[in-house]
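A.B. asks: Take these sequences, add in the hints, and give me the full structure.
Sequences listed follow chains A and B, in order.
The numbering used here puts the first residue of the first sequence at 1, with every later residue one more than the last.
The numbering used here puts the first residue of the second sequence at 1001, with every later residue one more than the last.
Any given hint could turn out to be false.
Said to hold, decoys possible - Simulated restraints on C-beta separations: (1) E229/A to P1455/B: 18 to 26 angstroms; (2) S57/A to R1317/B: 26 to 34 angstroms; (3) E1457/B to R460/A: 41 to 49 angstroms; (4) A1305/B to F502/A: 38 to 46 angstroms; (5) T509/A to P1036/B: 38 to 46 angstroms; (6) E1457/B to H19/A: 53 to 61 angstroms.
Derived from the structure by calculation, the hints contain no laboratory data.
Remember, predicted model here, so these are calculated numbers, not experimental data.
C-beta atoms are modelled at their ideal positions from N, C-alpha and C, and glycine is treated no differently.
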Amino acid sequence: MTQVNEFPVSQNADKVLDHFTLFRQPEYQALFKRKKDEFEFGHSDEKVAEVSEWTKSEEYKAKNFAREAVVINPTKACQPIGAMFAAQGFEGTLPFVHGSQGCVAYYRTHLTRHFKEPNSAVSSSMTEDAAVFGGLNNMIDGLANAYSLYKPKMIAVLTTCMAEVIGDDLQGFIANAKKKDSVPEEFPVPFAHTPAFVGSHIVGYDNMMKGILTNFWGKSEDLETPKTEKINIIGGFDGYAVGNNRELKRIFGLMGIDATILSDVSDVFDTPGDGEYRMYDGGTTLEETKEALHAKATISLQEYNTPQTLQFCKEKGQEVAKFNYPMGVAATDELLLKLAEITGKAIPASLKLERGRLVDAIADSHTHLHGKRFAVYGDPDFCLGMTRFLLELGAEPVHILSTSGSKKWEKQVQKVLDGSPFGKDGAAYGGKDLWHLRSLLFTDRVDYIIGNSYGKYLERDTKIPLIRLTYPIFDRHHHHRYPVWGYQGALNVLVRILDRIFEDMDANTSVVGVTDISFDLVR
Amino acid sequence: MLADKIQEVFNEPGCGINQAKTTKERKKGCSKPLKPGAAAGGCAYDGAMIALQPIADVAHLVHGPIACLGNSWDNRGTRSSGSQLYRTGFTTDLSELDIVHGGEKKLYKAIKEIVQQHNPPAVFVYQTCVPAMIGDDIEAVCKYAANKLGVPVIPVNAPGFVGSKNLGNKLAGETLLDHVIGTREPEVSTPNDVCIIGEYNLAGELWLAKPLMDEIGIRIQSCISGDGRYNEIAAAHRARVTMVVCSQALINVGRKMEERWGIPYFEGSFYGVTDMSDTLRTMATMLVQRGADPAMIDRAEAVIAREEAAVSKRLERYKPRFTGKRVLLFTGGVKSWSMVTALEEAGLTIVGSSTKKSTKEDKEKLKKRKGEEFHMWDDLKPKEMYRMLRDSEADIMLSGGRSQFISLKAKVPWLDVNQERHHAYAGYDGIVNLCEEIDKTLSNPIWRQVRLPAPWE
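C.D. replies: Right, dumping it as structure tokens:
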């Protein structure tokens, strides 16, 4: 055979190269170069570099912030994924997404990439004819199929944009489907309208939570509902739910509190590898969910995930309390005090010890955190919780950004910043995206970025180290198994931040004969 | 032989404390007798190792079981501007059979392998308890190896059991005097050459002083041992003046260099504004007395005036933040007097200071400035330290890492000013660094949290 390539082919069956190295081989490099020179006709490298530099300037930032239409790299997902996540935390519950099936595939992969677990959801698979004539038939057939194929204990219906645009009425459709015996009359089919063109995943979470509770608790206001000593906890859309919910349960155990976590996904997203496939695992039982109506109080750990749900709980005569992703010493203190106040249970000595150990750990390491400047982005509650914790450490939150953040949220962040001298350089950016953050990072540098995996592109561009502390984390494994709430959780967060700081320190001192003067063993 | 050596360093005439003793006391030695059952600091081996390990291009080989190297490998943040060989942990890792059959052959092989693989200008061999007890003669092995391999192989005979860390420092100094200093001639020699003794370049501190010395025209011919090089130290006897920094540790080296080669020495410090200025001034004056260009003194004065003014200006910003803040100072090897002056200039109130390693003169100066009320301790027990801190008699403690947790557990901010510190506090810039670190430590919000009880209490 004659060799067509100028370069010999680097790969053969005896030596198979993976993508890290294969495309760096001369034959590929030559191919890319030829493609670029002969077909792409792009601007010169100098011009590209020049424009790239310009995008880092104040001038560009002004233009960037004047953007009106386009959103670039938003830090939010759509309502349905939030609704689906909420539904998955109930016993034997199959989320049923009324709309196009492609969307559902997205939600499932998105969650799987983060949790490294399978997760189940079905779709009514609407196609063009359904979009024209309405999706009722898809609902009727879909519910019947889902019920008989996957044997759920509850089907939670939510919608994609497609169903919302044509205005399908879930309540009517579900009633019709039941009439047609798709599912038994008494079978629970809660629902929530979750158009992606309104709000974001945190609104979807709220809608579905309210939908499920409405299903079990009834719609009408009833302030006279009899109460027990139990309380309800709602964690909200939380990438650390596996670790966090288990930590909450441990704390409840220590305090002797009888609490129901409404939507407990900790087992759903962490099933054991013991040879048995669990399509559903754990979750809040339907019985508990029904009983939760009689709880004396409902506590939300993410205010912006639950405004409607909490209002609904209030209408049932429950006391409500809300937190903003409680991380750190003071935030955990407040949570425990609230729990103690509502339940009348004392905070045990063991938790006081945990608190003391956390404070001790922070004191041991504070010099490395002190005055370090941070950018934080993510969901509104996460940003608030993280900002508070950073201030507690003596670190300086500078850019706090959330695409789902509102004006009210901005004010709330500002208030937190104003409460500490370390917050003086900080500002909140609600409704902004990661491309805005890029400009902020170039024009007003920070030492570290706290965010999720999407921040890795910012890290590459700006050379500012990224600390992954919020959903989604696709490119690091198993962080979600460790709590970030409670004193133990705060310790985990502290260690993650410190690890990054020290890794960064090592990386900056590792060139032999150049920077290794400070490549120290003891830090 | 080792016993003689120990007696000799105990008799150090250059040491003021030693001279104040009676013959009987002197015989007992200068290190405190170790009290069985009580917590103690490092051993003689550790002292020798920390004194010499900063010599960067040398291979430091520990002859002993894994304990001695394993626990001390690269444990101090001393900096090198070139070779990083000093950070590599070489040991003979003696095992049971070696102890039965003797470790000398293994030691020789180890030296040989080091020379073949790393080709260092010298190998330092550290004796430890176990081979010393079984009678391994490291001096003989080193001599044999040096002849055979054509590289200086220096025996550092300070096994742990002979005494304290401080004694180890001194024995390390003796080793340099016996085997290293005076064995080479320098390639260049100028009338402006100094040798600095007892400066370890922790966190790169020497480099805060060096640019100023360069500007004045003072050349650091060698430094024992921070950022040191074997050949420079071997030629240290051609320095015109020596400065002894950590006098407690290596005063014997300074004095003997004067005795042997007629090089005058002075005790100086890079810590604190006044001491830094005195050091530069003394260094320049002494060099001029020995033939350097007299203009050096004017250059020194100019640098001193400029730097003092700059520091004083830079410390201004701390004054309002430091007002009313009380400091407990346990500086260890760092001279207290000079630190006290510098920190007070920045607005801090020093409520007490350790004077364990201070000279009599220093103590007098302190007493004069601070009055009789001022606390001075030669040896403050941890329990008492804890009580003072707990009863909030101070807002911050500056000390070495050993008392760190006394402070932290008493809920009082603490700052490391000793050997494991990560910031350089020497020179004029160093004082500003120190104030910056004090400011950060004092203002960190965690301290409020530390002092508050759990909110449900």
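A.B. asks: Okay, which hints does this one fail, numbers in order?
C.D. replies: The structure conflicts with no hint, since it agrees with every one listed earlier.
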